[in-house]
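Undergrad: Each chain, written out:
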Amino acid sequence: MNVQVKYRIGKSIGFQALVILLSAACVVPLIFILIYIIQAGITKINWHFLTNLPKPVGETGGGIANALLGSTIIILVASVIAIPFGILCGIYLSENKNSKLAYWSRLCIDILQGIPSIVIGIVAYFWLVKPLGGFSALSGSVALAIMMLPIVVRSTEETLLLLPDSLREAAFALGMPFHRVILKVLIPCGISGILSGVMLSIARITGETAPLLFTAFGNPYLSTNVLKPMQSLPLLIFNYATSPYNEWHDLAWGASCILLIWVLSLNIFTKLITRKWKVQL
Amino acid sequence: MESLVKNDLITRPDISSGRVIKSVNTPDTLSTTKRLKRSHRHIRAENVFRRILIIVGWATVVLVAGIMVTLIFQSTLSIKASGFGYLWGKTWDPVRDIFGVYPFLLGTLLTSFLALLISIPFSFAVAIFLGEYYPTGWVSNLLKNTVELIAAVPSVIYGFWGLAVLVPIVRSFESKIGVEPVGLGIFTSSLILAIMIVPYAASLGRSMIQMVPSTLKEAAYSLGATRWEVIRSVVLPYTKSGMFAGIMLSLGRALGETMAVTMVIGNTSLIPKNIFAPGNTMASVIANEFTEADHPVYLSALIELGLVLFVVTVLINMVGKRLIKGFSKE
Amino acid sequence: MESTIVKAVNYNAYFGDNHVVKNVNIEIPRNNVVAVMGPSGCGKTTFLRGINRMHELIPGATSTGQIFLNNEDVYEMHPIFVRLKIGMVFQRPNPFPNLSIYDNVIAGYKLNGIKLPKAEKDKIVEQSLTRVALWNEVKDSLTKKGSFLSGGQQQRLCIARAVAMEPEVLLFDEPTSALDPISTSTVEELFHELKKNYTLIIVTHNMQQAARVSDKTAFFYMGELVEYDETKQMFTNPSDIRTQNYITGRFS
Numbered sequence: 153m154n155v156q157v158k159y160r161i162g163k164s165i166g167f168q169a170l171v172i173l174l175s176a177a178c179v180v181p182l183i184f185i186l187i188y189i190i191q192a193g194i195t196k197i198n199w200h201f202l203t204n205l206p207k208p209v210g211e212t213g214g215g216i217a218n219a220l221l222g223s224t225i226i227i228l229v230a231s232v233i234a235i236p237f238g239i240l241c242g243i244y245l246s247e248n249k250n251s252k253l254a255y256w257s258r259l260c261i262d263i264l265q266g267i268p269s270i271v272i273g274i275v276a277y278f279w280l281v282k283p284l285g286g287f288s289a290l291s292g293s294v295a296l297a298i299m300m301l302p303i304v305v306r307s308t309e310e311t312l313l314l315l316p317d318s319l320r321e322a323a324f325a326l327g328m329p330f331h332r333v334i335l336k337v338l339i340p341c342g343i344s345g346i347l348s349g350v351m352l353s354i355a356r357i358t359g360e361t362a363p364l365l366f367t368a369f370g371n372p373y374l375s376t377n378v379l380k381p382m383q384s385l386p387l388l389i390f391n392y393a394t395s396p397y398n399e400w401h402d403l404a405w406g407a408s409c410i411l412l413i414w415v416l417s418l419n420i421f422t423k424l425i426t427r428k429w430k431v432q433l
Numbered sequence: 109m110e111s112l113v114k115n116d117l118i119t120r121p122d123i124s125s126g127r128v129i130k131s132v133n134t135p136d137t138l139s140t141t142k143r144l145k146r147s148h149r150h151i152r153a154e155n156v157f158r159r160i161l162i163i164v165g166w167a168t169v170v171l172v173a174g175i176m177v178t179l180i181f182q183s184t185l186s187i188k189a190s191g192f193g194y195l196w197g198k199t200w201d202p203v204r205d206i207f208g209v210y211p212f213l214l215g216t217l218l219t220s221f222l223a224l225l226i227s228i229p230f231s232f233a234v235a236i237f238l239g240e241y242y243p244t245g246w247v248s249n250l251l252k253n254t255v256e257l258i259a260a261v262p263s264v265i266y267g268f269w270g271l272a273v274l275v276p277i278v279r280s281f282e283s284k285i286g287v288e289p290v291g292l293g294i295f296t297s298s299l300i301l302a303i304m305i306v307p308y309a310a311s312l313g314r315s316m317i318q319m320v321p322s323t324l325k326e327a328a329y330s331l332g333a334t335r336w337e338v339i340r341s342v343v344l345p346y347t348k349s350g351m352f353a354g355i356m357l358s359l360g361r362a363l364g365e366t367m368a369v370t371m372v373i374g375n376t377s378l379i380p381k382n383i384f385a386p387g388n389t390m391a392s393v394i395a396n397e398f399t400e401a402d403h404p405v406y407l408s409a410l411i412e413l414g415l416v417l418f419v420v421t422v423l424i425n426m427v428g429k430r431l432i433k434g435f436s437k438e
Numbered sequence: 159m160e161s162t163i164v165k166a167v168n169y170n171a172y173f174g175d176n177h178v179v180k181n182v183n184i185e186i187p188r189n190n191v192v193a194v195m196g197p198s199g200c201g202k203t204t205f206l207r208g209i210n211r212m213h214e215l216i217p218g219a220t221s222t223g224q225i226f227l228n229n230e231d232v233y234e235m236h237p238i239f240v241r242l243k244i245g246m247v248f249q250r251p252n253p254f255p256n257l258s259i260y261d262n263v264i265a266g267y268k269l270n271g272i273k274l275p276k277a278e279k280d281k282i283v284e285q286s287l288t289r290v291a292l293w294n295e296v297k298d299s300l301t302k303k304g305s306f307l308s309g310g311q312q313q314r315l316c317i318a319r320a321v322a323m324e325p326e327v328l329l330f331d332e333p334t335s336a337l338d339p340i341s342t343s344t345v346e347e348l349f350h351e352l353k354k355n356y357t358l359i360i361v362t363h364n365m366q367q368a369a370r371v372s373d374k375t376a377f378f379y380m381g382e383l384v385e386y387d388e389t390k391q392m393f394t395n396p397s398d399i400r401t402q403n404y405i406t407g408r409f410s
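Chains as they are written, first to last, in the working numbering: chain A, 153 to 433; chain B, 109 to 438; chain C, 159 to 410.
The hints are simulated quantities; they were obtained by calculation from the structure and are not laboratory data.
Even for Gly, the Cβ is constructed at its ideal location relative to N, Cα and C.
Among these hints, one or two may not hold up.
Said to hold, decoys possible - Partner residues are not named here, just some residues of chain B that face chain A (Cβ under 7 Å, in silico):
(1) Arg204
(2) Asp205
(3) Leu257
(4) Ala260
(5) Ser315
Claimed, not checked - Using 16 Å as the maximum straight-line C-alpha spacing, the simulated EDC-like pairs for lysine to aspartate or glutamate come out as follows:
(6) C:Lys354 <-> C:Glu382
(7) A:Lys380 <-> A:Asp402
(8) A:Lys196 <-> A:Asp402
(9) A:Lys158 <-> B:Glu400
(10) C:Lys180 <-> C:Glu382
(11) B:Lys429 <-> A:Asp262
(12) C:Lys353 <-> C:Glu326
(13) C:Lys180 <-> C:Glu346
(14) C:Lys165 <-> C:Glu278
(15) A:Lys163 <-> B:Glu400
(16) A:Lys282 <-> B:Glu400
(17) C:Lys353 <-> C:Glu385
(18) B:Lys433 <-> A:Asp402
(19) C:Lys353 <-> C:Asp338
(20) C:Lys243 <-> C:Glu230
(21) A:Lys282 <-> B:Glu337
(22) A:Lys423 <-> B:Glu337
(23) B:Lys433 <-> A:Glu211
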């Protein structure tokens, strides 16, 4: 083997080593970050922590019950708004691929996906908080629903486009009306794809803080009224993490850990469920 | 012709096997009448459904138009008050009604580009690792899933971690190199942003590298190219426009990122003197001051900031998406 | 007994500006098997899809002229009614992958939201599967998904699905082109049995098949109906030179 070839092979191996090194140098610390957060938070979590309200500054103990309940309510309301709307829009886009409206609608969905979350918070403030006369969980839900929408629309559209035409034809040939062809045949066959989009969109908004800052606002007490301010996990973490008190930091670590577990298990769960529910075409 | 027919072509298949039952009664009319009645209702429902779909399609357009109108309408007060001075005014002093956002523009651009600079080598490495060197196998699966999970971590958690872990580290680093040891600042924000961008950029890059046709790579291998030479002269040129688009989309993310940055940037309206100095980004100013804005011009100035952010990120996103679409079509 | 069930009058079909079926006039007698043959791209499938108004589902597809079912113009009826009366079986077996074999057979009822008593459903499933000679093969696995069956069984399942709706006419679009020879012969046997209750229109690429299974044959070429006659007549003594060329293999 001549020297030149040896040199080239050496260079190639060198590059491969560099790639592996850089990948490790980036992924390993990231994993350590995850471990750090879980370690810092897991010791704070117990039954008391999950079922009690935060204590005022200076007292130890206390929990995040208000944030857990608040997050759940805000996300539920956002889902109720965004999921049906998003799925219907995805159906429209996949069924009317070339219409003018579909072009504009698709463009708008693209724009929505790119809007920074804080800007959506501003808009929700003017659409709901101001007219209703105060911060409310509902306005936070609307802001989060706007953030969910593009993900649900896109996943529905892409899933439906992947289904073979023969499926639609079989259904139409049985004299099925358009809406039943879609709702009873196409949606059930593409359920795994649509569902994974829905779950990922929920995972995405669970951790969103910025649009809630001036909509749901936060609330140190337990509240179930969607027209009043409500606490949510990410808001609680933000407020307590930036406070100067150690007790509150502890609370924020516990909340971070729960939020992290919540989001990560949603992601993992999505993977498992989509694999299981996939319809063999 | 004649023989074609006389041979077995026209002879009927034998059905004496008994599997076919001779004749079956036609089913009673119950189901038939039900069917027809149902069909009339279906036709109405079908039309309603089609109409709903069109309304939903329009609703997305109205939604986005509404967002734009709201932003523009609510910022008119500030646009009238500050005019063009808004963009390059160096002072932001709400008390005296002076609104110049230059410090925030600078802060945003500095953090975002610095974050890109830090993250690019790592994202490239992970993308090439997953897309080219180890596209399958358990190591790759583990890495791919880990990267996806890391991408899902909420930004507020990164912010908290940055505050608790990164800030002290940066502070001791700063005291070593002899700048004011604050810890909070542009540099810390860039680090956090870089950490948040890497997973996203890497998975974009991986999917693009995997789109390179294997025939192209094989052609290069058959000429005696080494792996590195194939990557340099086939994979990278082929994915050039896609990679550029990926960088654009990552930039769009960094520009709009709010929480993590807000928590570690230090929040001052002064022009940052160096990359270790505290500052503010457009998003972090809005997050910090929106609920404190006590008079209309102040609020409007913040919304105008939101409008600028909206226009910039949407433009960057659209360009990035167009490029990616064009790339995938090739 | 030889009454006309389906009649096309000056029927034309287009894809955008592309004129694919040209002025077809044809009368199809009740309880017959009519084969529609011709080289690929001759418009035979498009014509078939025009009969139950599936053609118009393709974006840009249009048609003119009339198609009568029992002297009623199908283009003046709602497509849902048309398709309830005219069943269709496709080139590739397309059972609903999310439904069991049982549910696939009664899919036309189930998915249309028609509630039937269990006993009646059972009866329809058994009758339909029996008619397509599939009952004995699948009666013990009715709850399995339809996509687990072999290609030939899947195609018979699709025929059962169409038969279960009790249509008057059954359209077959190259029903055996995706099947192996043994499955093909099973499906062909069915045609002879099915015509006792239904009128069958079968598009086929394969002229041996047309000769084997049909009573009458229509030959399409370049979008035109060139010749339509008793199958025996057509294959022994075609009147048009193009038909003769086709069946003697001078072009394909």
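Undergrad: Hints first: check each against the structure and report whether it holds.
TA: Against the structure, the hints come out as follows:
Evaluation of the Arg204 (chain B) hint against chain A yields a violated restraint, the C-beta minimum of about 24 Å exceeding 7 Å. Against a cut-off of 7 Å between C-beta atoms, the interface hint on Asp205 (chain B) is violated, since the closest Cβ of chain A lies about 20 Å away. Using the Cβ-Cβ criterion of 7 Å, the hint placing Leu257 (chain B) at the interface with chain A is satisfied: the shortest such distance is roughly 6 Å. Interface restraint check for Ala260 (chain B): the shortest CB-CB distance to chain A comes to about 5 Å, inside 7 Å, so the restraint holds.
A cut of 7 Å between beta carbons decides the hint on Ser315 (chain B): the least distance to chain A is about 14 Å, and the hint is violated. Taken as a hint, the Lys354 (chain C) and Glu382 (chain C) pair is broken in the structure, with Cα atoms around 30 Å apart against an allowance of 16 Å. Distance check on the hinted pair: Lys380 (chain A) and Asp402 (chain A) sit about 27 Å apart at the alpha-carbon level, beyond 16 Å; violated. At roughly 7 Å between alpha-carbon atoms, Lys196 (chain A) and Asp402 (chain A) fall within 16 Å of each other, so this suggested pair holds.
A threshold of 16 Å between alpha carbons decides the hint, and for Lys158 (chain A) with Glu400 (chain B) the separation of about 67 Å lies outside it, so the pair is violated. Simply put, Lys180 (chain C) and Glu382 (chain C) have alpha-carbon atoms about 5 Å apart, close enough for the 16 Å limit, and the pair holds. Note on Lys429 (chain B) and Asp262 (chain A): the hinted pairing holds, with a Cα-Cα distance of about 8 Å set against a maximum of 16 Å. Of the pairs offered as hints, the one joining Lys353 (chain C) and Glu326 (chain C) holds, with about 10 Å between alpha carbons and a cut-off of 16 Å not exceeded.
With a C-alpha separation of about 29 Å, the suggested pairing of Lys180 (chain C) with Glu346 (chain C) is violated against the 16 Å cut-off. Of the pairs offered as hints, the one joining Lys165 (chain C) and Glu278 (chain C) is violated, with about 34 Å between alpha carbons and a cut-off of 16 Å exceeded. Restraint check: the Cα-Cα separation between Lys163 (chain A) and Glu400 (chain B) comes to about 58 Å, which exceeds 16 Å; the hinted pair is violated. Distance hint between Lys282 (chain A) and Glu400 (chain B) is fulfilled; the C-alpha atoms sit about 15 Å from each other, no more than 16 Å.
In summary, the hint linking Lys353 (chain C) to Glu385 (chain C) is not supported, as the alpha carbons are separated by about 22 Å, beyond the 16 Å threshold. Taking the CA atoms of Lys433 (chain B) and Asp402 (chain A), the gap is near 46 Å; set against the 16 Å cutoff, the hint is violated. Using a Cα cut-off of 16 Å, the hinted pair Lys353 (chain C) and Asp338 (chain C) is violated, with the two alpha carbons roughly 23 Å apart. Among the hinted pairs, Lys243 (chain C) with Glu230 (chain C) is consistent with the structure: their alpha-carbon atoms are about 12 Å apart, no more than 16 Å.
Simply put, Lys282 (chain A) and Glu337 (chain B) have alpha-carbon atoms about 61 Å apart, too far for the 16 Å limit, and the pair is violated. A hinted pair counts as satisfied when its Cα atoms are at most 16 Å apart, and Lys423 (chain A) with Glu337 (chain B) does not qualify at roughly 36 Å. Distance check on the hinted pair: Lys433 (chain B) and Glu211 (chain A) sit about 56 Å apart at the alpha-carbon level, beyond 16 Å; violated.
Consistency with the previously given hints fails for numbers 1, 2, 5, 6, 7, 9, 13, 14, 15, 17, 18, 19, 21, 22, 23, ordered from lowest to highest.
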